[in-house]
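Residues per chain, in single letters:
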Amino acid sequence: AQSVSQHNHHVILSEAASLELGCNYSYGGTVNLFWYVQYPGQHLQLLLKYFSGDPLVKGIKGFEAEFIKSKFSFNLRKPSVQWSDTAEYFCAVNPRGSQGNLIFGKGTKLSVKP
Amino acid sequence: KAGVTQTPRYLIKTRGQQVTLSCSPISGHRSVSWYQQTPGQGLQFLFEYFSETQRNKGNFPGRFSGRQFSNSRSEMNVSTLELGDSALYLCASSPAGARETQYFGPGTRLLVL
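So the sequences go chain by chain: A and B. Residue numbering for the first sequence follows this note's numbering, beginning at 629 and increasing consecutively. Residue numbering for the second sequence follows this note's numbering, beginning at 10 and increasing consecutively.
Certain hints may be false.
In the DSS-like style, the derived pairs of lysine-lysine whose C-alpha atoms are separated by at most 30 Å in a straight line are [unchecked claim]:
1) B:Lys22 <-> B:Lys66
2) A:Lys699 <-> A:Lys686
3) B:Lys66 <-> A:Lys697
4) A:Lys734 <-> A:Lys697
5) A:Lys737 <-> A:Lys677
6) B:Lys66 <-> A:Lys689
7) A:Lys686 <-> A:Lys734
8) A:Lys689 <-> A:Lys699
9) A:Lys677 <-> A:Lys689
10) A:Lys741 <-> A:Lys697
11) A:Lys677 <-> B:Lys22
12) B:Lys22 <-> A:Lys699
13) A:Lys737 <-> A:Lys689
14) A:Lys697 <-> A:Lys677
15) A:Lys734 <-> B:Lys22
16) A:Lys699 <-> B:Lys66
17) A:Lys734 <-> A:Lys677
18) A:Lys697 <-> A:Lys686
Residues on chain B that point at chain A, a partial pick, calculated with CB under 7 Å [unchecked claim]:
19) Ser40
20) Ser42
21) Gly51
22) Phe54
23) Gln63
24) Asn65
25) Phe69
26) Asp94
27) Pro115
28) Arg118
29) Leu119
The hints are simulated quantities; they were obtained by calculation from the structure and are not laboratory data. Even for Gly, the Cβ is constructed at its ideal location relative to N, Cα and C.
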């Protein structure tokens, strides 16, 4: 079965630290890849997405992610986190040809200490 | 543009009852997907509708059903509620579904007692 793994359940960082959240998926075909964020009390918002082309994609608020096809990975990075980045981050995969179906990872809760 | 709206925002039901949740997509969006979010299972895909037709379905029992109207608004229904159906139900819309970003609503929190 198709699945998405996010390796860290809860990450705690100090402001200005660098962030990398892991995401691996299991699906042999072509996929579209997403990172969503859920700030406290708010609904899911798109951070960035990859459909094709340059495997390094840039999103909002200084986030970026790199698609490594050989490793089935789509890790999220940010060079310097801020307190306002405290949120839950979800990696999601949409197998090509599977309309409207996002397969989500379990999420990583990020806490940034001021 | 207004975002995805879901009603009601909160709901309390008892076992055995049925419930209907509503979702209004972003204007112009024709695809609506539904997800269930629980602490244990995370976010799981229920089904997706496009132009009043169910195009895709997740691995949920037949008690979970949905429909879409000609104005793209969608409803999902859960019959014979079980305690395990307590969850946040999220609706997401996109222009046509494939290779497009889904925009999520705030969700309906359902508590089954």
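Each hint, compared with the structure:
Distance restraint check for B:Lys22 and B:Lys66: the Cα-Cα separation of roughly 25 Å lies within the 30 Å cut-off, and the hinted pair is therefore satisfied. With a CA separation close to 20 Å, the supplied pair A:Lys699 and A:Lys686 stays within the 30 Å bound. Proximity of B:Lys66 to A:Lys697 is assessed by CA-CA distance (about 27 Å); at most 30 Å being required, the pair is judged to hold. Of the pairs offered as hints, the one joining A:Lys734 and A:Lys697 holds, with about 21 Å between alpha carbons and a cut-off of 30 Å not exceeded.
Simply put, A:Lys737 and A:Lys677 have alpha-carbon atoms about 20 Å apart, close enough for the 30 Å limit, and the pair holds. A distance of roughly 34 Å separates the Cα atoms of B:Lys66 and A:Lys689; the hinted pair therefore is violated under the 30 Å criterion. Proximity of A:Lys686 to A:Lys734 is assessed by CA-CA distance (about 22 Å); at most 30 Å being required, the pair is judged to hold. Straight-line distance between C-alpha atoms of A:Lys689 and A:Lys699 comes to about 26 Å, which keeps the hinted pair within the 30 Å bound.
Of the pairs offered as hints, the one joining A:Lys677 and A:Lys689 holds, with about 14 Å between alpha carbons and a cut-off of 30 Å not exceeded. At most 30 Å may separate the alpha-carbon atoms for a hinted pair to count; A:Lys741 and A:Lys697 exceed this at roughly 33 Å. Distance check on the hinted pair: A:Lys677 and B:Lys22 sit about 37 Å apart at the alpha-carbon level, beyond 30 Å; violated. Taking the CA atoms of B:Lys22 and A:Lys699, the gap is about 45 Å. The hint is violated against a cut of 30 Å.
The straight-line distance between the Cα atoms of A:Lys737 and A:Lys689 is roughly 17 Å, inside the 30 Å bound, and the hint therefore holds. For the given pair, A:Lys697 sits about 15 Å from A:Lys677 by alpha-carbon distance, which is consistent with the 30 Å threshold. For a cut-off of 30 Å, the pair hint linking A:Lys734 to B:Lys22 stands: about 27 Å separates their Cα positions. With a C-alpha separation of about 28 Å, the suggested pairing of A:Lys699 with B:Lys66 holds against the 30 Å cut-off.
A C-alpha spacing of about 18 Å is found between A:Lys734 and A:Lys677, which places the hinted pair at or below 30 Å, so the restraint holds. The straight-line distance between the Cα atoms of A:Lys697 and A:Lys686 is roughly 17 Å, inside the 30 Å bound, and the hint therefore holds. For B:Ser40, the shortest C-beta to C-beta distance to chain A is roughly 5 Å, which falls under 7 Å, so the interface hint holds. Hint on B:Ser42 holds. Least Cβ distance to chain A is approximately 4 Å, under the 7 Å limit.
Contact between B:Gly51 and chain A, as hinted, is supported at the beta carbon level, the nearest pair being about 4 Å apart and thus within 7 Å. The interface hint given for B:Phe54 is met, as the beta carbon of that residue sits about 5 Å from the closest beta carbon of chain A, less than 7 Å. Contact between B:Gln63 and chain A, as hinted, is not supported at the beta carbon level, the nearest pair being about 10 Å apart and thus beyond 7 Å. Interface restraint check for B:Asn65: the shortest CB-CB distance to chain A comes to about 5 Å, inside 7 Å, so the restraint holds.
With its C-beta approaching chain A no nearer than about 12 Å, B:Phe69 sits outside the 7 Å limit, and its interface hint is violated. A least Cβ separation of about 19 Å between B:Asp94 and chain A goes past the 7 Å threshold, and the interface hint is therefore violated. Taking 7 Å as the C-beta cut-off, the interface hint given for B:Pro115 holds, the closest approach to chain A being about 5 Å. Contact between B:Arg118 and chain A, as hinted, is not supported at the beta carbon level, the nearest pair being about 12 Å apart and thus beyond 7 Å.
Because the closest C-beta pair between B:Leu119 and chain A is about 16 Å apart, greater than 7 Å, the hint is violated.
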